[in-house]
Amino acid sequence: MIVGMLTRTIKLATLAGAAWYVAKKMRRRMHSTDLAGQVVLITGGSRGLGLALARELAARGARIAICARKAEHLENTQQEFAVYDYPMFTCQADVTVPDQVNEMMEKVVQHYGRLDMVINNAGTMLLGPEQVMNIADYKNIMEANCWSALYTTKAATPYFKAQGAGYIVNICSIGGKISVPHMLPYSVSKFAMVGLSQGLASELDRDNIVVTTVIPNLMRTGSPRNIDIKGNHRAEYAWFKLANAFPLLSQGAETAAKRIVDGIARRDREITLSLTAKLAIALQALAPELIGAGTRLASRVMPVSDDTTLKKGYESESVVTRSVTGGKKNADTLKFNQQ
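Taking our numbering, the leading residue of the sequence shown gets 164, the next gets one more, and so forth.
Some clues are possibly wrong.
Calculated pairs, SDA-like style, for lysine to any residue (alpha carbon to alpha carbon, straight line, at most 20 Å) [claimed, not checked]:
1. Lys475 / Leu359
2. Lys270 / Gln255
3. Lys324 / Lys302
4. Lys302 / Ser342
Distance ranges between label pairs, derived from CB positions [stated by the list, open to error]:
5. Ala325 / Arg430: 19 to 29 Å
6. Arg463 / Val246: 48 to 58 Å
7. Ala428 / Glu452: 13 to 23 Å
8. Lys270 / Glu452: 46 to 56 Å
9. Leu449 / Val246: 30 to 40 Å
10. Ala450 / Leu411: 27 to 37 Å
11. Pro451 / Val246: 44 to 54 Å
In case anyone wonders, no lab produced these hints; they're calculated from the structure. Predicted model, so just to flag it, every value in this text is computed and none were measured. No residue lacks a Cβ here, since even glycine has one placed at the ideal position from N, Cα and C.
Sequences are here, hints too, so could you generate the full structure?
Structure follows, in structure tokens:
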């Protein structure tokens with residue numbers, strides 16, 4: 164009798180799973196997004212993953228707007244897009260300043276006549292042991308990685324509501340699911356961003372505004388040279404740059420951009436980009452003590468220092484990082500405008 168009940172339960176569970184899968188596939192087909200002609204604003208879109216996303220979306224027919232703090236980065240990207248005759252609007256803006264964000268939104272809408280999607284990609288990273296971090300470090304990273312996304316969301320939402328639809332994509336991080344040693348301010352900001360993104364997905368749904376949370380891991384864009392570092396600068400930069408070059412821990416930006424855009428077209432509410440990240444998140448849910456033991460062990464073998472001086476990655480190069488990963492200006496650095 165027990166065996167019979169168990170068999171029926173398994174059959175029902177299998178049927179329910181199959182029905183859910185079919186319903187999910189049908190929903191994706193019914194509600195897929197045609198990206199051709201869509202006006203997409205990408206913050207931090209002049210380099211790194213933001214640039215890879217701009218290229219991928221433009222290739223699919225989207226009309227692109229990007230913002231960045233440095234004019235030279237915007238000029239480089241605009242020149243590249245002009246070669247392919249892709250529509251491109253650039254705006255120099257600091258997304259941690261609400262007035263500049265509001266002005267940027269107005270300019271994009273004035274230029275294209277509408278706004279369909281915002282991708283909150285801009286952000287920064289700070290590396291080093293917690294003992295050398297101060298409160299200002301946490302505030303600055305929160306401003307760059309989380310508050311900036313809220314500012315752009317608040318600025319874009321009225322336009323979306325007036326149009327009757329909109330799309331917000333938040334580029335978060337595996338560091339927003341699992342706290343990584345020597346990246347605590349960054350992880351705090353990304354945990355907050357994940358919470359913001361998931362909450363917005365619920366609250367803006369009634370206004371026909373889709374919100375997608377993206378969970379990437381390390382990205383091979385040449386970006387380590389531009390990160391901020393405290394502590395033992397060379398040692399911190401060495402472990403991070405080596406991890407960034409390791410295939411199981413990182414991924415190519417073009418592959419990531421394609422997966423993100425595919426997920427956007429399907430209107431996925433959460434996109435975790437790599438199998439490694441999916442397994443880590445699942446393990447964190449099922450066995451948090453195991454993940455905690457691993458991060459505590461990693462923290463014990465990481466560099467120790469009381470140096471509170473702030474340096475860039477390119478100021479922290481060593482024989483190790485130059486010999487193993489090709490020095491300051493490797494192919495990814497040039498390809499993704501990180502020089």
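The hints, checked one at a time:
1. For the suggested pair lysine 475 and leucine 359, the alpha carbons sit about 29 Å apart, so the restraint of at most 20 Å is broken.
2. Distance restraint check for lysine 270 and glutamine 255: the Cα-Cα separation of roughly 11 Å lies within the 20 Å cut-off, and the hinted pair is therefore satisfied.
3. Our distance criterion of 20 Å between C-alpha atoms is broken by lysine 324 and lysine 302, whose separation comes to about 31 Å.
4. Proximity of lysine 302 to serine 342 is assessed by CA-CA distance (about 17 Å); at most 20 Å being required, the pair is judged to hold.
5. For alanine 325 paired with arginine 430, a C-beta distance near 21 Å keeps the hint of 19 to 29 Å intact.
6. Against the hinted window of 48 to 58 Å, the Cβ-Cβ separation of arginine 463 and valine 246 comes to about 50 Å, which satisfies the hint.
7. In this structure the supplied range 13 to 23 Å is violated for alanine 428 paired with glutamate 452, their Cβ-Cβ distance being about 39 Å.
8. Checking the proposed 46 to 56 Å range against lysine 270 and glutamate 452 shows it holds: the Cβ atoms sit about 50 Å from each other.
9. The beta-carbon spacing between leucine 449 and valine 246, approximately 49 Å, falls outside the hinted interval of 30 to 40 Å.
10. A hinted range of 27 to 37 Å for the beta carbons of alanine 450 and leucine 411 is inconsistent with their spacing of about 19 Å.
11. The supplied range of 44 to 54 Å is met by proline 451 and valine 246, whose beta-carbon atoms lie about 49 Å from each other.
In terms of the numbered hints stated before, the structure departs from hints 1, 3, 7, 9 and 10, listed from lowest to highest.
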